[in-house]
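Please build the complex by placing chain B on the supplied structure of chain A, with the hints as guidance.
Protein sequence lines, in the order shown, are assigned to chains A and B.
Here the first sequence is numbered in my numbering, starting from 119 and rising by one per residue.
Here the second sequence is numbered in my numbering, starting from 119 and rising by one per residue.
Hints were generated in silico from the structure; no laboratory data involved.
A hint or two may mislead.
Just so you know, same-sequence chains aren't split out, so a pair can sit in one copy or run between any two.
[Claimed, not checked] SDA-like cross-link-like pairs, simulated, lysine to any residue; straight-line CA separation at most 25 Å:
| # | residue 1 | residue 2 |
| --- | --- | --- |
| 1 | Lys219 | Gly297 |
| 2 | Lys751 | Glu739 |
| 3 | Lys781 | Val543 |
| 4 | Lys744 | Leu523 |
| 5 | Lys747 | Arg736 |
| 6 | Lys751 | Asp520 |
Note that the structure is predicted; figures quoted are calculated from it, not measured.
In case you want the letters, here they are:
Number of protein chains: 2
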Amino acid sequence: MELKDLLGGKGANLAEMMSVLQLPVPHGFTITTDACRAYMHGGWPKALDDEMSRQVASLEKKMGRKLGDADDPLLVSVRSGAKFSMPGMMDTVLNLGLNDKSVEGLARSTGNDRFAYDSYRRFISMYGRIVLGLDGEVFEHELEKAKTNANVQNDAEIPAEVLKQLCQVYKSAIAQQTGKPFPQDPAKQLRGAVEAVFRSWNGPRAIAYRVREKISHELGTAVNVQAMVFGNRDDNSGTGVGFTRNAATGDAKPYGDFLVNAQGEDVVAGIRNTEDLNALKRKFPVIHAELLGIFARLERHYKDMCDTEFTIEQGKLWMLQTRVGKRTGAAALKMAVDMVSPTGTGRSAWKISKNEAIMRVAADHLDQVLHPQFAKKIPALTKGLAASPGAAVGQVFFTADDAALAAVKGLDVILVRSETSPEDVHGMMIAKGILTSRGGLVSHAAVVARGWGTPAIVGADAVKIDGASFSVGDVVVREGDWLSLDGTTGEVMLGQLTLTASKPPKEFNTILEWSDVVRKGKLAVRANADTDEDARKARELGAEGIGLCRTEHMFLAADRLPVVRRMILASTPEEEYAAFEELRTVQKKDFAAILKEMSGLPVTVRLLDPPLHEFLPRIDELEIEKATKGLSKEDEDLLRAAHVWAEVNPMLGTRGVRLGVVKPGLYAMQVRALMEAADEVSSKGYEPIVEIMIPLTVTREELALARSWVEAVLSDINSRPVPKAKKGQKVVKRPKISIGTMIETPRAALRADELAEYADFFSFGTNDLTQMTFGFSRDDVESRLMPAYLEAGLLKRNPFETIDQNGVGELVFLAAQRGRKVKRSLKLGVCGEHGGDPESIDMFYRAGLNYVSCSPYRVPIARLSAAQAVIGTAKTETK
Amino acid sequence: MELKDLLGGKGANLAEMMSVLQLPVPHGFTITTDACRAYMHGGWPKALDDEMSRQVASLEKKMGRKLGDADDPLLVSVRSGAKFSMPGMMDTVLNLGLNDKSVEGLARSTGNDRFAYDSYRRFISMYGRIVLGLDGEVFEHELEKAKTNANVQNDAEIPAEVLKQLCQVYKSAIAQQTGKPFPQDPAKQLRGAVEAVFRSWNGPRAIAYRVREKISHELGTAVNVQAMVFGNRDDNSGTGVGFTRNAATGDAKPYGDFLVNAQGEDVVAGIRNTEDLNALKRKFPVIHAELLGIFARLERHYKDMCDTEFTIEQGKLWMLQTRVGKRTGAAALKMAVDMVSPTGTGRSAWKISKNEAIMRVAADHLDQVLHPQFAKKIPALTKGLAASPGAAVGQVFFTADDAALAAVKGLDVILVRSETSPEDVHGMMIAKGILTSRGGLVSHAAVVARGWGTPAIVGADAVKIDGASFSVGDVVVREGDWLSLDGTTGEVMLGQLTLTASKPPKEFNTILEWSDVVRKGKLAVRANADTDEDARKARELGAEGIGLCRTEHMFLAADRLPVVRRMILASTPEEEYAAFEELRTVQKKDFAAILKEMSGLPVTVRLLDPPLHEFLPRIDELEIEKATKGLSKEDEDLLRAAHVWAEVNPMLGTRGVRLGVVKPGLYAMQVRALMEAADEVSSKGYEPIVEIMIPLTVTREELALARSWVEAVLSDINSRPVPKAKKGQKVVKRPKISIGTMIETPRAALRADELAEYADFFSFGTNDLTQMTFGFSRDDVESRLMPAYLEAGLLKRNPFETIDQNGVGELVFLAAQRGRKVKRSLKLGVCGEHGGDPESIDMFYRAGLNYVSCSPYRVPIARLSAAQAVIGTAKTETK
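Extracted from the complex, chain A is given alone in its bound form:
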């Protein structure tokens, strides 16, 4: 167990700052995550009261003051601090220890009535809101009334006397609403505040944040109790936040915000305009120098950019917290690369290794710099929660039906709803972007949009929807108006902003090149690509082959569909053969284009997988037409075929190799087209590397049969003369063709030993494997159930985004072991969407896979994640 596990990030860092770095940190103590977990399982732990008393006594001794003292009281802050930073998600109580007596002591000891009562009224309202669960509105309202009565604009201008009255009003409000007086005993106050922090761990905001950030709900939070220092004491005091480097750009220059005579919440609330570090230098030159010195020590210690909170109390600098700072994608890349060169000089110089640099960059960072962005932004109309990243531009529609209709007409749609439900899915599916006025980060809209990669902003509560228009303040947006959404920041902008393709910074390639070195020979990255265009993009982005080339898209193109239908409708072998031949010609062209693009790299072609009814018209549409207008002979035939091929559960129906069994000749046709394409591009001097993949096998016998079809065609092709390359080009030889299968049913995973007898490679189809292992039809549950399941904690992750390590993952490990036991040389890969997910990639590496394959745009992320998996596993192994 690490220190962070027990003390939380904040507590651990405070301990380090104080004991290792010897920075000026106010004394305090930390209540461990153990206590929080005990609380979650069985209520307030009895032993905690005694332990807290002991700690408070010790703190009082160190500070020479006592909590609640009527002369010179000790005040403390109570803050949450989880292992992983969850900014703004949990609760904080400041100025704890004030009561009707100690507030006077504070006034006397500081000689500042106004300060004392300002602190007290802040404490009462914070305590009321956070510990007692009252609506903050009541305190806000009284504050505004007081300001009006006192005829002042600013909180800081309210006279002491008015603040004193305000404290009374606040206390009455609490007594009235809770039926109990505001607690005067500081020990009771402390216990209440600690419990509130514990509780806040399971608050809806915190849960939603953890779901999104994939943090375990089991961890619990630590609680930091720290002696208060006051930036609002006088004009020789102040408070601020500081970054050791620029968190937005990555520039190696400290950066910060600062307010004179203020407490931390004022900086965050944005009520007064903050000043920058230059102003600090002008106003507090000595402290500015001290702070920069601390920044340097922090960076040297953590070997990373830190963000800090500091307070100046009557000319003395206190560090309230520090942590490795969050940063933008561009900044993360720049800092990681920069820090590989030494920072500082001489003995105090420090740097990180290339491996450390790789570990510093998160997949989300790459994602950010890869998404298209707005060429130029304009001030936001309003802001919501950034639920699904990316920029979207389109015309506004308010119902899923209208949106779907508009999309059919070719319009770019932004779907605006108060919230979404499974009824809206057809509209969400075609939307360029989604905006909702209600709901959080695991609302239906958020989960579904992220699943599809559609930019989305949710919970934009300033948006008031009224039929076919919405308003934000005075601005009214009507159906058809243009709107631009930045799903990465949550900004909603009026009008049709221009999108630019992303231009990743130069450090992007540096990190990826370093990553490639690390993972070379250990975990390759391929792409899923069905067209030459996708293949080109994949190669550009660093793919080392195609792990999944689906052939169904070649069947669905408008000019092929009639031929495919003729094949399905064929009533004689001759008709069927004629259709096969037509398809062979067009498939050959498609294959040739892809093989040309991928010359010299492997291309795994999956033989036809989807059920045949996907190529037929919809039954209900034809039935309605039949009932209303009557059908042509051709449509009658199609309707009959649609009925024959209709399936109750297509996911579990006549797909994959089963199609091969019921339509003998289909797979042979595809293999012939593919091998003829290979010959053709060979003769032009390209180097096609073909791998043939049989989908959905569940028994050894199926695979043996399908393999025999493929081998029959291969042996026929091999009996032809080898095509000659053009003059001056290297001699072409037909290479041995790998034949493999997908592992996408639980049975295939369990019987991998048998399948390995007839397979040169396995490719895990983790999408279907997840569907069948859970019994989750993605089409059905992802929109209906997943949001509810994630919010209720019934699932910790969406298993379609991140592989379910305990269930589906066990099948992957097991299949890899059983397969390799029979055939050591068995090549293993994954071509489900999990192939582009960092955490899943880590597991695939540990399971011994040779490659991952993902969509072309995820290739850079997969390259990085693969390297991280290699580094992370090596670390664990040497531990």
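Chain B in isolation, oriented as in the chain A frame:
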């Protein structure tokens, strides 16, 4: 390896008859199954030629004659003999060794020209058909022509000269059709015949038989080469088949058929009328006595009823083969019980143990005596293959559409098709019986009908279908005519025969009582029952509880459906609650009726499982009505709801506990209804034992949540006073209620350890587990793919009938282990249809399950199979 594995059943028995029992068996040798397996994998084994030469030489020495000898030739028979008897499924060649020279030697040595040439023409035609693959028609045709020319009726009357000519004609026909002369070299003849027997192992008839009888395709057959003896030598010769007891009734009296001056094929072919053993006694009193003595020795040796083939050659008795005989269900029961009492007297008396008696009865035997039967049969119109057992009576329809329509009108339908395809499934589903004129035992019709338990006869090739009528010879049967099918025998009978409920013989109960003793405390048998009627039947048939009471049927009744729909359509919590309350009242009544029937026995109630759209009207029907006539407000609402709840793959959709999550309150309502029902029947003096089962859980969190709903209701119910039973009845106490879950997804099986934390019992839902493990939607693949898969050997069994031991079975074992590791007391059961399948029951017992649950009518079979599993496992363990 047993002797039978290597020599086949026939070979092993011949060896035993000769060496152990010292019966008069013609000399010979057996080519092992090893050789056949080698042949199947790599063609004719080289070493086999030498080995055969050696064996032939040894046989020639023993017999003092040589194959092909021109003076006194040795002739041999070549017969298949697999480990498990496959009567009539593989090939036999008799009289081998005859050629143009040896036939004359035979004539001379026997002094019987006619006999020699009759044997030769039989050999040539058999060899032509079986070894050379010619159509038998050509030989039949020439035989008929010869009879006409010779002006005789009977084969036996054809003069020698004509037979001699016939041999020439036969040989010319062979030379013409194969391009090669009929082989004269006996060694070549022998090799050809042996190879033909090897090949016949993979003939379509044999494969189909093995699929049905669940015999492995891998075993291969042995080949028995035996010196010929001739029952057709003269009138002091003959041939017959004999049973040591009556195979139809089980009576302990020998029984047989016999023909003077004939070869075995004549007995089977039914050309001449056979005589019985009394005739044998009259004509060959000494031989009759010898035969009865042999029967007694055989029974004592095999401790079972044997069937034998014997031949008398010039007054000497030869035993050609023996095997433990096939028998009817009634006979099997009677013999098993009879043999527990001693047969014979003194030192030669023998008997079997009760355990052996139990092992002697097969599930199919019980099935036979349980099926309804015809009160009185009439001569069959024609006969086909008995594809699915049982008697069916109905009116004939020729298309699936017509059949479905007739069934809607309330008619009993017999569907008659030349063959069936997935297009016919809606008609097959409602048919009482199915008759096809084409197809074999694994044809579409056969597989689908067996899956549903619908009586079926297939391949009745005398049936000529012509539009809306069929004819058999001169008899014409028209649409709407009555027809009666006996699926157990393959008999098709005209008219509406009377069905009687089966009346099992008294031995039925004896065997089951013995079985119950054996399995007591080891493997219990429950039934799946959803109504009080089913429950009553189950109890009558010996069920020890209900393992699965589905609650969806309670929702589908005509008077409940509108309420269920109101629940689904509810737009406010109040509306929903009102619907829940209505449902609670009716469910309570249903539960009370079932609990009353099962008083004192456990009843496992599964909370609602099917997706909600199953309770809504079909979308396409409403859409058509909307397009043509318009919809009422109510139907509009239903249509909208149907769209909302529609699912792409309902099997993997919002079912089971997922429903509980999206419709909170639903499960609580059901539990409340159930517990109130329990209280009600308690107060009437019954003893309800309730177990509550949560369907389709995949995560621990789901089960914990669902369990908390159930426990909340239980604790509410428990806070009420315990209902008082009537006076004089024992005091009723509310017992602790078990709460468990189904294991029906691969993930639930894998994470059984986690689920066990919140479950008191697991019930394996092996139907769904099979669907998800294979990725087989039963609705889709069982009719479309299964026949093709079984026939092609892609699957050895239909995994929905017999559990897939290697895939699904591994998950069952694994879940049982993991669950019990966490909770030793975890009760385990199975409620899929496999719970009534003998082979599956054996696996469930080995996996450590406490009970199996099956449909009420399968309960007797499950009781027997459970005992057999216990006995069989104990045997294996002591080996």
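Going through the hints against the structure:
In this assembly of identical chains, Lys219 and Gly297 lie within 25 Å of each other by CA distance solely inside one copy; the values are 22 Å within and 122 Å between copies. Proximity of Lys751 and Glu739 under a CA criterion of 25 Å is satisfied in both settings, with 16 Å inside one chain copy and 22 Å between copies. In this assembly of identical chains, the alpha carbons of Lys781 and Val543 lie at most 25 Å apart only when taken from different copies (20 Å versus 34 Å within one copy). For the identical chains of this complex, Lys744 and Leu523 are neighbours both inside a copy (23 Å) and across copies (20 Å), given an alpha-carbon limit of 25 Å.
For the homomeric pair Lys747 and Arg736, the shortest alpha-carbon distances inside one copy (16 Å) and between copies (21 Å) are both at most 25 Å. Only between protomers do Lys751 and Asp520 lie at most 25 Å apart by alpha-carbon distance; the minimum there is 22 Å, versus 33 Å within a single protomer.
In summary, the structure agrees with every hint in the numbered list given earlier.
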